[in-house]
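K.L.:
So the sequences go chain by chain: A and B.
Residue numbers for the first sequence follow this note's numbering, so the first one is 1 and each next one is one higher.
Residue numbers for the second sequence follow this note's numbering, so the first one is 1 and each next one is one higher.
For the record, the hints were derived by calculation from the structure and aren't laboratory data.
Please read all numbers here as calculations on a predicted model, not as lab measurements.
Hints are supplied without guarantee of correctness; some may be wrong.
All copies of an identical chain are treated as equivalent in the list; a pair is satisfied when it fits inside any one copy or across any two copies.
[Unchecked claim] Below, simulated EDC-like cross-link-like pairs (lysine to aspartate or glutamate); rule was C-alpha separation at most 20 Å, straight line:
(1) Lys249 x Glu212
(2) Lys249 x Glu38
(3) Lys249 x Asp134
(4) Lys249 x Glu2
(5) Lys172 x Asp157
(6) Lys172 x Asp200
(7) Lys249 x Asp222
(8) Lys249 x Glu194
(9) Lys249 x Asp157
(10) Lys172 x Glu212
(11) Lys249 x Glu161
(12) Lys172 x Asp140
(13) Lys172 x Glu217
(14) Lys172 x Glu24
(15) Lys249 x Glu20
(16) Lys172 x Glu142
(17) Lys172 x Asp134
(18) Lys172 x Glu20
(19) Lys249 x Glu63
(20) Lys249 x Glu3
(21) Lys172 x Asp88
Here is how the chains run, residue by residue.
Protein chains: 2
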Amino acid sequence: MEERLILVTNDDGYDSRGMEAAVEVARTFGRVVVVAPETTQSGMSQAITMYSPLYLRSVREEEGLAVYAFSGTPVDCVKMAFDCLLRDERVDLVLSGINHGSNSAVNVLYSGTMGAAIEGSFYGCPAVGLSLDDHAADADFEAAVLYGRRIVGAVLDRGAELPLCLNVNVPKGRPGEVRGVRLCRQNRGFWREEFFRREDPRGRPYFWLTGEFVNGEPGATDTDEWALAHGYVSVVPVQADLTDYRQLKRLDGMFE
Amino acid sequence: MEERLILVTNDDGYDSRGMEAAVEVARTFGRVVVVAPETTQSGMSQAITMYSPLYLRSVREEEGLAVYAFSGTPVDCVKMAFDCLLRDERVDLVLSGINHGSNSAVNVLYSGTMGAAIEGSFYGCPAVGLSLDDHAADADFEAAVLYGRRIVGAVLDRGAELPLCLNVNVPKGRPGEVRGVRLCRQNRGFWREEFFRREDPRGRPYFWLTGEFVNGEPGATDTDEWALAHGYVSVVPVQADLTDYRQLKRLDGMFE
């Protein structure tokens, strides 16, 4: 059997701790190519760079692992990998992460990690976005590595119909504290923001975006938000057709 | 009846030609507040700014119109409007655009215009993203203004169940050439990129992202891509739940 090839990317940057953990997961399954942002790209969603040139840098190359840093967004990294660096190779899976902080619920839309995973799934292979619900600089990635391996392994070994993109979130804590894996749907909810207002040394006001997630369905037990809050790894399969089919019916004739 | 309040934003910047056209549409219906990016934010998707402070600038204020430029992304602009500037007011509709270039098919995911529209729909009012399928600097916005008015007017006057977010794309050409409005679903497809490689004056290679849209279902006649290509204004209602419900069933038991 030919050796598998895993593309790894993230939104925290090529030299983040979560990237180290993601490479650990990916190397279990074959050869690894990392194409990841030079700098942090958190909250970059599925953004692409249209009006700036992008620099690519080979960071290191060793047996079974090549690491590139790219000056663009997470999605730019995926495009650079598939459409340029790995153009003549077959990629078996895209792993994006491990993100510092969860991407459950509506965060899937803002997340650069998930933007890259969705983009990866456009290229005819399964994609997994993997996030750890812990923002601490010294976060413990052990459970995320363990469950990341289990989920990536299941996708690679047992196969799945394509397109397949998974939004995987691992709760904070030691592996022994995790209660298992739950397949979920995306929790409805939104962010209400507070803008912190300050003044710069020249007296100009500036703002920091900061907010609080409002759970739109706190009672629901089949959502990623519930699973994470109750100690489970949440797995939400995501797809890229945003059509609101219910509204499509309701609006029939409205604009004629 | 109290005067209506329309929030206008875009991804091309507060002083773009498309913004002028959007304000023309919005002023038909009431008081207008513009909160739009200082500079072009095309391709910014639903990105938010997490690690930089943001500057807000009042550009001008006249009877029925206030214009603010904000140094963040389109989504940052929407958040700034709802959670800060207009915190104590009721916004009746968010209009995002008019974008230079279409946002049909998968482009809805990369588009800053649609990112802002989707964000707007989280705040309990209808949102319309309006784009013109013409990238030319001297593009003719007349048809987009005309159909924008018709669609915004229908939403405001006839009402619609919330959440409601519309992805509206207007074909290139004079109003008389438009064949009507079609409610559609999002066309499947993806971009295959070509990276143009050049060298900077210091000999370092750099890349420009450039690509071509691959229509994943060229035969389908119920999609936005088909409507636009055949001279119709396409209207796709979009929503923010990315859950892939078919995969949710298929994957049952896979990760236990």
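K.L.:
Take the hints in turn and mark each one as holding or not.
P.N.:
Do the hints match the structure? See the list:
{"no.": "1", "hint": "Lys249 x Glu212", "result": "neither (34 Å within a copy, 32 Å between copies)"}
{"no.": "2", "hint": "Lys249 x Glu38", "result": "neither (45 Å within a copy, 38 Å between copies)"}
{"no.": "3", "hint": "Lys249 x Asp134", "result": "neither (41 Å within a copy, 29 Å between copies)"}
{"no.": "4", "hint": "Lys249 x Glu2", "result": "neither (48 Å within a copy, 31 Å between copies)"}
{"no.": "5", "hint": "Lys172 x Asp157", "result": "neither (27 Å within a copy, 48 Å between copies)"}
{"no.": "6", "hint": "Lys172 x Asp200", "result": "neither (36 Å within a copy, 45 Å between copies)"}
{"no.": "7", "hint": "Lys249 x Asp222", "result": "between (26 Å within a copy, 13 Å between copies)"}
{"no.": "8", "hint": "Lys249 x Glu194", "result": "neither (37 Å within a copy, 38 Å between copies)"}
{"no.": "9", "hint": "Lys249 x Asp157", "result": "between (40 Å within a copy, 19 Å between copies)"}
{"no.": "10", "hint": "Lys172 x Glu212", "result": "within (19 Å within a copy, 42 Å between copies)"}
{"no.": "11", "hint": "Lys249 x Glu161", "result": "between (28 Å within a copy, 12 Å between copies)"}
{"no.": "12", "hint": "Lys172 x Asp140", "result": "within (8 Å within a copy, 54 Å between copies)"}
{"no.": "13", "hint": "Lys172 x Glu217", "result": "neither (22 Å within a copy, 42 Å between copies)"}
{"no.": "14", "hint": "Lys172 x Glu24", "result": "within (19 Å within a copy, 50 Å between copies)"}
{"no.": "15", "hint": "Lys249 x Glu20", "result": "neither (47 Å within a copy, 33 Å between copies)"}
{"no.": "16", "hint": "Lys172 x Glu142", "result": "within (10 Å within a copy, 54 Å between copies)"}
{"no.": "17", "hint": "Lys172 x Asp134", "result": "within (6 Å within a copy, 48 Å between copies)"}
{"no.": "18", "hint": "Lys172 x Glu20", "result": "within (18 Å within a copy, 48 Å between copies)"}
{"no.": "19", "hint": "Lys249 x Glu63", "result": "neither (55 Å within a copy, 39 Å between copies)"}
{"no.": "20", "hint": "Lys249 x Glu3", "result": "neither (48 Å within a copy, 30 Å between copies)"}
{"no.": "21", "hint": "Lys172 x Asp88", "result": "neither (39 Å within a copy, 37 Å between copies)"}
Going through the hint list in order, the structure does not satisfy hints 1, 2, 3, 4, 5, 6, 8, 13, 15, 19, 20 and 21.
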